[in-house]
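Chemist: The primary structure of each chain is shown beneath.
There are 2 protein chains.
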Amino acid sequence: MSLCLSGMGSFHAGGRWVAITGEALRTARFTQDTEVTFDPNGHYVVEQAYVQWFRPAEVKASRGVLFVHGGGLTGAMWETTPDGRSGWVELFLGQGFPVYVLDGVERGRAGWCALPSVWEGDPIPRSAEWAWELFRLGHKNGFATRQAFAGQRFPIEALDAFVAGFVPRWLSTADAQTTALVAVLDRIGPVDLICHSQGGESAFRAAAARPGLVSRVVAIEPSGFDDGLDPARQTVLGLHGDFFTDTTVRLDLKLRAFAERFAGRGGRTEVWDLVARGESGHSHMPMMDRGNDVLAAEIGAWLLGATRDDGAFDSTSPCPGRT
Amino acid sequence: MSLCLSGMGSFHAGGRWVAITGEALRTARFTQDTEVTFDPNGHYVVEQAYVQWFRPAEVKASRGVLFVHGGGLTGAMWETTPDGRSGWVELFLGQGFPVYVLDGVERGRAGWCALPSVWEGDPIPRSAEWAWELFRLGHKNGFATRQAFAGQRFPIEALDAFVAGFVPRWLSTADAQTTALVAVLDRIGPVDLICHSQGGESAFRAAAARPGLVSRVVAIEPSGFDDGLDPARQTVLGLHGDFFTDTTVRLDLKLRAFAERFAGRGGRTEVWDLVARGESGHSHMPMMDRGNDVLAAEIGAWLLGATRDDGAFDSTSPCPGRT
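First to last, the sequence lines map onto chains A and B. First residue of the first sequence? That's 1 in this note's numbering, and the numbers climb one at a time after it. First residue of the second sequence? That's 324 in this note's numbering, and the numbers climb one at a time after it.
No lab work stands behind these hints, which were simulated from the structure alone. Quick caveat: nothing in here was measured; it's all calculated off a predicted structure. Note that beta-carbon positions come from the ideal geometry of N, C-alpha and C, so glycine has one too. Where hints are given, some of them may not hold.
Computed footprint of chain A on chain B, listed as stretches where at least three residues anywhere in the stretch have a Cβ under 8 Å from a Cβ of chain A [said to hold, decoys possible]: (1) 341-354; (2) 542-552; (3) 605-613.
As a list, the in silico SDA-like pairs of lysine to any residue whose alpha-carbon atoms are at most 25 Å apart [stated by the list, open to error]: (4) Lys140/A / Thr350/B; (5) Lys463/B / Ser603/B; (6) Lys463/B / Ala28/A; (7) Lys463/B / Lys60/A; (8) Lys60/A / Val359/B; (9) Lys463/B / Phe567/B; (10) Lys140/A / Ala351/B; (11) Lys140/A / Glu346/B; (12) Lys383/B / Arg26/A; (13) Lys140/A / Ala342/B; (14) Lys463/B / Arg29/A; (15) Lys463/B / Thr37/A; (16) Lys463/B / Asp33/A; (17) Lys140/A / Asp160/A; (18) Lys140/A / Gly345/B; (19) Lys463/B / Ser2/A; (20) Lys140/A / Lys383/B; (21) Lys383/B / Cys4/A; (22) Lys60/A / Thr344/B; (23) Lys463/B / Phe30/A; (24) Lys140/A / Phe567/B; (25) Lys140/A / Arg352/B; (26) Lys140/A / Cys327/B; (27) Lys140/A / Leu326/B; (28) Lys383/B / Leu3/A; (29) Lys463/B / Gly42/A; (30) Lys60/A / Ala437/B; (31) Lys463/B / His43/A; (32) Lys140/A / Trp340/B; (33) Lys463/B / Arg26/A; (34) Lys140/A / Asp362/B; (35) Lys140/A / Thr344/B; (36) Lys463/B / Lys140/A; (37) Lys463/B / Cys4/A; (38) Lys463/B / Pro40/A.
Chain A with its partners taken away, still in its complex shape (with noise of 0.2 Å):
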């Protein structure tokens, strides 16, 4: 690949402060010889998103898209696949699409709360056992040997590097995460969306929140939603891969019966059955599956059709996420 970008940084969003009393004193050994005695109490910030972001020097879209990573996973689920094959970041950019990736609270680098009491329940590890049925990539008894499904996309072959990038997950801080989420978009000015799996809650209630910054949300095989959404501005493309039939966790009915509820409301929503589309074989991470370009191609040309009326863009403009 070759790639010339204006601009690229990142930055910390949203989030609120804590003050912790009452503690007592601690002391422990912090380095290779010394013993640090600290105070636990004071202000701390907590409930914050992080966000990359890269702009391309050619910028073709009229607005950038912002990635929404899924439960138990981070930004980097966009980035390199698990196999070494280039993600969506680097395809997206290739399109001329800035691009913005999110760490979403208590995630990556958007850190996590460790204090008492702030947040509910215990953090949810994932074991790769969980992800092979939950992500589709094989009968649960196909675990052991890696035998996965017949026709897979999925990358099994490096399915190790995947689950190197599993990160513990709250059941308690959805509403947190959509907070965090609207200040990005505050941030940052109007965007489109791409979101994956438990990231469709966050992201369709931040996009309801913000009907006049974000006008497409690109939902990849959604867990969670809002039908706040305002159906004069906001268009929705919804994806979702293969393999449905042998599990019960069926995101693509759930995916269907949001969009026909959105239409209902004379909102503009598509639906791609990636089986029905010819494109058989993907499992719940079709970013990292292989055929991920070609899917970042098809996403890129329908978010470009999509915007072809909105205006012009002023790609002189301070890079966004800057202060």
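Using the hints, position chain B against chain A.
Modeler: Then chain B, alone, in the frame of chain A:
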């Protein structure tokens, strides 16, 4: 800025499989409308590192630089400064260095281990007050009014954004961090290290384990060391800032003592006292301070000068970090 890349990407490296057995099934609400019963038993990858890399189209250095963050921070600390100026990632790319940015074990996109009984102790969060003092931003009693040391180069007005970048840290993962960093080096190949504070320990230990891969360590106020560097093959540039007379944590003296031990074994080493060099006012975070661009240029020139005799560099080789 304008920057052309011949490649970018990311990978996870290192880590080990952990098997959990004997736990009861759990049920929890995973999405807005779905309760899931899941099996916490199974296989997990823990203690992996994450690396994001960028390769400039025009490489001017004989080897790239790998940034190793400090304690309670992630690789984001080397990106855009809290007040929105270019960080060292951009500033070293602009000088023609291939750049690798580490999220070490239990930080950022490397993820962390939420399994019971794998790591000792609890994660330690860092308060804004503690950072204020430890990072030498101002006197302890100046925090409430944000009254910084006179001549302070750190962008105090962006303290909130800085604190939003803090993440929890364990005190029991130093060995795992070093092991994962060695795995990163084995994946990248020859590279020089730029480390900060707590990152000094894993960086020096990994360099000592791989003298054939790491020729130079640039250590920014390191708090940990390894006296096993190879004086015949490895060079150290240490660097420290201002305001040490106002603190009990004398990283400047520790750095100088380490350099003297290394020189005593015949090692080539330099220590830059930024005050003595006429660059007063630097905090513990010189990569974020005003003047970070001057330091990036000075360190870059030192690395380029130091590498003059390293022989030809094959800039047509495949992107490092790619399998």
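Chemist: Going straight from one Cα to the other, do Lys463/B and Phe30/A come out at no more than 25 Å?
Modeler: holds, 20 Å
Chemist: Please work out if Lys140/A and Thr344/B have their alpha carbons no farther apart than 25 Å.
Modeler: holds, 17 Å
Chemist: Check whether the Cα positions of Lys140/A and Ala351/B lie no farther apart than 25 Å.
Modeler: holds, 21 Å
Chemist: Hinted pair, alpha-carbon criterion (25 Å max): Lys463/B, Asp33/A. Please report holds or violated.
Modeler: Measuring from Cα to Cα gives roughly 24 Å; hence the hint holds.
Chemist: Is the straight-line distance between the alpha-carbon of Lys140/A and that of Asp362/B 25 Å or less?
Modeler: holds, 12 Å
Chemist: Quickly compare the C-alpha distance for Lys463/B and Gly42/A to 25 Å and report which way the hint goes.
Modeler: holds, 12 Å
Chemist: Given the hinted pair Lys140/A and Leu326/B, is their Cα-Cα distance within 25 Å?
Modeler: violated, 46 Å
Chemist: Check the hint pairing Lys140/A with Asp160/A against an upper bound of 25 Å on the C-alpha distance.
Modeler: holds, 17 Å
Chemist: Has the given pair, Lys463/B with Thr37/A, been kept, meaning a C-alpha gap of at most 25 Å?
Modeler: holds, 15 Å
Chemist: Take the C-alpha atoms of Lys140/A and Cys327/B, compute the straight-line distance between them, and say whether it is at most 25 Å.
Modeler: violated, 45 Å
Chemist: So is the region 542-552 of chain B in contact with chain A by the C-beta rule, three or more residues under 8 Å, or is the coverage claim wrong?
Modeler: holds (count 3)
Chemist: Is the Cα-Cα distance between Lys140/A and Gly345/B 25 Å or less?
Modeler: holds, 19 Å
The structure shown violates the earlier hints numbered 3, 7, 8, 12, 19, 20, 22, 24, 26, 27, 30, 36, 37.
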